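Participant: Working from the sequences, and respecting the hints, build out all of it.
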Amino acid sequence: MNAARELQPVQTEEQQPRKSRFAFLEGWLYLLPSIILFSVFVFYPMFRTIYLSFFLADQIGPFEFAGLENYHYILRSDSFQSSIKATVLFVLFTVPATIILALFLALLTSEKIMGIGIFRTFFSSTMGMSVAASSVIWMFMYNPSIGVFSKIAEWLGLPVIQWLQNPDYALLAVSLSTIWMSTGFAYLILLGGLQNIDPHLYENARVAGVSYFYQLRRITLPMLSPTLFFIITVSFINAFQTFGQIDILTKGGPVESTNVIVYSIYKDAFINNDVGSASAQAVILFFCVLVLTVLQFKLGEKKVHYR
Amino acid sequence: MKKLLVGLSVLFVLFLTACSGTESASGTTEDGKTEIIFWHAMGGELEASVNDIVDNYNNSQDKYTVKPVYQGSYEESLTKLKTVAGTEDAPAVTQIFEAGTKQMIDSGNVQPVQKFIDEENYDTSQWEENISSYYQVDSEQYSMPFNSSTPVLVYNKDAFEKAGLDPENAPRTYSELKDAAEKLTIKEGDQTSQYGLSILNYGWFFEELLATQGGMYVDNENGRDGEATKAAFNDEKGQRVFELISDMHEAGTFYNVGQTWDDMRAAFQSKTITMMLDSSAGVKGLVDNADFEVGVAYLPHPDGVDPQGVVIGGASLWMAKDINEKQEQASWDFMKYLSTPEVQAKWHVESGYFAINPAAYEEDIVKQEWEKYPQLKVTVDQLHDTVSSPATQGALISIFPEARQQIVTGMESLYQGADPKEALDKAAAEVDTVLEKGSRSR
Amino acid sequence: MTSTKRISLYAVLIICTAIMMFPIFYAVSISFMDGKEVLDGQLLPSGFSLTNYVEVFEKVPLLTYLINSFATSAIVMIGQLLVSSLAAFAFVFMKFKGRDFVFFLFISTMMIPWEATMVPNFMTIQSLGWTNNYVGLTIPFFALAFGTFLLRQHFKTIPKELYEASQVAGISRFRFFWTVILPISRSSLVTLGIYSFLTNWNMYLWPLLVTNTESARTVQIGLKQLQTQEIASDWGVVMAGVVIVILPTLILLFAGQKKLQKGLTQGALK
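Residue numbers (the numbering used here), protein chains in the order written: chain A, 1 to 307; chain E, 1 to 442; chain Y, 1 to 270.
No lab work stands behind these hints, which were simulated from the structure alone. All of these numbers come straight from a predicted model, not from anything done at the bench. For each residue, glycine too, the CB sits at the ideal point set by N, CA and C. Treat the hints with care, as some may be off.
Mimicking EDC-like on lysine to aspartate or glutamate, the simulated pairs with C-alpha atoms at most 20 angstroms apart in a straight line are [stated by the list, open to error]: (1) Y:K36 x E:E45; (2) A:K151 x Y:D40; (3) E:K67 x Y:E58; (4) Y:K160 x A:E203.
Which bits of chain Y does chain A cover? Going by a derived footprint, with three or more residues having C-beta under 8 angstroms, they are [what the hints assert, rightly or not]: (5) 51-65; (6) 79-88; (7) 93-104; (8) 108-116; (9) 178-190; (10) 238-250.
Incomplete in silico selection of chain E near chain Y, CB under 8 angstroms [claimed, not checked]: (11) G44; (12) V69; (13) G86; (14) T87; (15) D262; (16) S270.
Facilitator: Right, dumping it as structure tokens:
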């Protein structure tokens, strides 16, 4: 899991020159289905989006060239600034918490004790929950009048918080439900990673009599780093693209506190009929994610331990 | 590997049948009937009711078949309609919410029902004028009203009694409202266990509170006298509404329920709030679920203002332009069927939406229903008392969805202690920008 | 491990389970309640009445939706497995000009938010006449960068000698791919299969956009259909719908948990 390394050609075969033309064609043949599909459903719409971002446009198509107007408009608007803030906060709230929670659960269940299989199944179960279904459940739990959170608060004599109505808490509430939804997947990956660590390393540590936390810091985490790196990257990308739970739980409100960029794009494109502005936001989002991913590969590569 | 191959081929066959099994959206069925597709946005309980009515229609005659299809929320179905308009996927009849009226007209993909009204001298005077006038533009009836509702003040009569208020006399003016809310609010230390009033953070309620004062939402007579160019809702009338919310929230008598209808009703049922503004269509469900007496009253208005009534909310039915003559006839026939007193009576009783044909109120099932739910009559009376004017006809703008978002953001900022005038001016400025941008569209 | 340690480990495990599983338990519990119980904010139903479940099936054609969801998810799964494994095979076992560039292009598609490309994609589907059927619901998802990536990582662990031997024996590349590579990568394929099945099963906005008829709808839309806007939703019925929608995926997950875990890690690690 390392960009530079990935991109180095792997010497899988020694090519004979006369065969290489055929191999060239055959190689592309295998890639053809993917290439066609990516071109039609990813690259074409991406270029179309970039193109549309320079126009005033609705769902049917562009109707007036606007130059950089969409970008100007977006960058000046408070709404976009709060979108950026919400997106960044959302990513910061969800990604580390998900990873830490999943890692904690994975460490707990890495011991081979009786009935551990059941617990593993439970902890990974949220992976099978659809965003639509999960969000409906959480929406109900957050309900200030009849939901379980306010019942617990009442029972404990704490003030009832309007989780989804209060701009100070809404993003936190959405993040909490997101953490729950994405833990299952992260947990599974990390658990697998833990199980792939050579048991001899631990035996040696036990003989040396080191503490659990020393072992965690010096053996487990370094050996797990490629897996961690993988799941962090995937979680980052997913967090930036969160849509469903926002749509169902808050619709971007209150006071735009949960209006993350992807939701703002959706709203402009599908409700406000302003495809030009939506496209410009999509382009900005794309470059942000691109830069972050490249940065992550560059920085992460130094920290990751390879066998 | 063999298993995989077998599985693959099975799936492939499935896949092909699925492809060939697709039906064209509108056409002729095997038995020679003309089939039309009817898109609607009625989920849950209402969908059952719509399906029922359509079934009855299909059985009532043998020329046409209507196929109802749910298409998501109002916003989602409008978006979908815009993208399929003009293609063969487009439905013949679509239900569109009131805020989408201008977009529909501008799209050029619909035809006014006025054409059919003129052709057979259909008597539109049987319709409720206050409802149909919303969908009249340049004195042409564009769409056929279908489900209409208005906002009402819903209150907990038991709580009124406990607080020493007259349960039969709901507050009418803002000062009465504030007083009542004050008395209804129960505080224990710094904890409030019961609040006076809630208004859903939904642009529609602001529009209504503005209209009942005779206030305009946008300039050019609410966009009905020409293209709207500027927001008009940030005048003193609009400010009164924002001030009311702001004052009451500050006094601790107003409870912010967010923007979900269900959350607001849950707060009412669980007695967190004692008064709220709700849609007339929701009244019956509230009465059914509450374990206390539910009262319904007219929308409150500021002191010293003559109430003008309400703008109708809800949705109407639109006919697509590019359909053949048979389908046009089928659509029109279906629309006419929907507006008959019997169907409207059934619809009113089952959904709580208004009957667009007042004759329905004379039907027996309605009379029985009103006996059981006297609250429903209040909602109808309020509509009848409405003075028809550009203010109560409602604004005609294509950027309604976005304008509503701006109002909602403004309302939400009030709970954060924003100044009412500033919040409203900010929303107005945003709406101005969007209006300007929208005016450049084709 | 000492017994106190063991007991405390179990205690922590049980507490974590209680917290993680609570939302699911809560949904199941509400699905058995009537309207009043829900609005009272009770935690447990007074009885196990199935009225809500019956009502769900009466209100929306959930059975059709379930079949559709199942079929589209299965088709996407097969499609993704085929397309991704072909591409991954080429990336690992063949060497040709431009390969690494193409690989980078593939990976970059992971970063494009799907919502951002939805409008043009919808137009494409429409002009191809793919709305309202399984084609529009499935084909756009056949190519998956994540899947190609995962399988590539796995294929790289296959000893090169195997490939060289097959070359010597004169087996064609495709036969090698079909009869050797795919069978020995079974665990990765199962993993990717489950992953893509779940992802597709959970899709919401796209199916709503490209289907206009009930005959082609999927369950996630059915879930939305159970909720109303202007009049009160019946929460018991909605939750019954939720339970029906999550049940198939949970069962699948429980059944394939071991394989899934194994396969996903291979992709992440090597």
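Participant: So, for every hint listed, does it hold in this structure?
Facilitator: Results for each hint:
The straight-line distance between the Cα atoms of K36 (chain Y) and E45 (chain E) is roughly 17 angstroms, inside the 20 angstroms bound, and the hint therefore holds. As the CA atoms of K151 (chain A) and D40 (chain Y) are separated by approximately 10 angstroms, the hinted pair is consistent with the 20 angstroms bound. At most 20 angstroms may separate the alpha-carbon atoms for a hinted pair to count; K67 (chain E) and E58 (chain Y) meet this at roughly 17 angstroms. At most 20 angstroms may separate the alpha-carbon atoms for a hinted pair to count; K160 (chain Y) and E203 (chain A) exceed this at roughly 33 angstroms.
For the stretch 51-65 of chain Y, the stated coverage by chain A is violated: 0 residues have a C-beta nearer than 8 angstroms to a C-beta of that chain, whereas at least 3 were required. Counting residues of the stretch 79-88 of chain Y whose beta-carbon sits less than 8 angstroms from any beta-carbon of chain A gives 5, enough to reach three: the coverage restraint holds. Coverage of the stretch 93-104 of chain Y by chain A holds. Counting CB-CB distances below 8 angstroms, 10 residues qualify, and the rule asks for three or more. Counting residues of the stretch 108-116 of chain Y whose beta carbon lies closer than 8 angstroms to any beta carbon of chain A gives 9, which meets the minimum of three for the stated coverage.
Evaluation of the coverage hint for the stretch 178-190 of chain Y: breached, as 0 residues show C-beta separations to chain A shorter than 8 angstroms, against a requirement of three. Counting residues of the stretch 238-250 of chain Y whose beta-carbon sits less than 8 angstroms from any beta-carbon of chain A gives 7, enough to reach three: the coverage restraint holds. Because the closest C-beta pair between G44 (chain E) and chain Y is about 4 angstroms apart, less than 8 angstroms, the hint holds. For the restraint placing V69 (chain E) at the interface with chain Y, the shortest Cβ-Cβ distance is roughly 6 angstroms, inside the 8 angstroms limit, so the hint holds.
For G86 (chain E), the shortest C-beta to C-beta distance to chain Y is roughly 11 angstroms, which exceeds 8 angstroms, and the interface hint is violated. At a threshold of 8 angstroms, the smallest CB-CB gap from T87 (chain E) to chain Y is about 7 angstroms, leaving the interface hint in force. Interface hint status for D262 (chain E): upheld, as the beta-carbon distance to the closest one in chain Y is roughly 5 angstroms, under 8 angstroms. A hinted interface residue such as S270 (chain E) counts as satisfied when its beta carbon comes closer than 8 angstroms to some beta carbon of chain Y; here the least separation is about 6 angstroms, so the hint holds.
Going down the numbered hints, you'll see the structure goes against 4, 5, 9 and 13, while the others check out.
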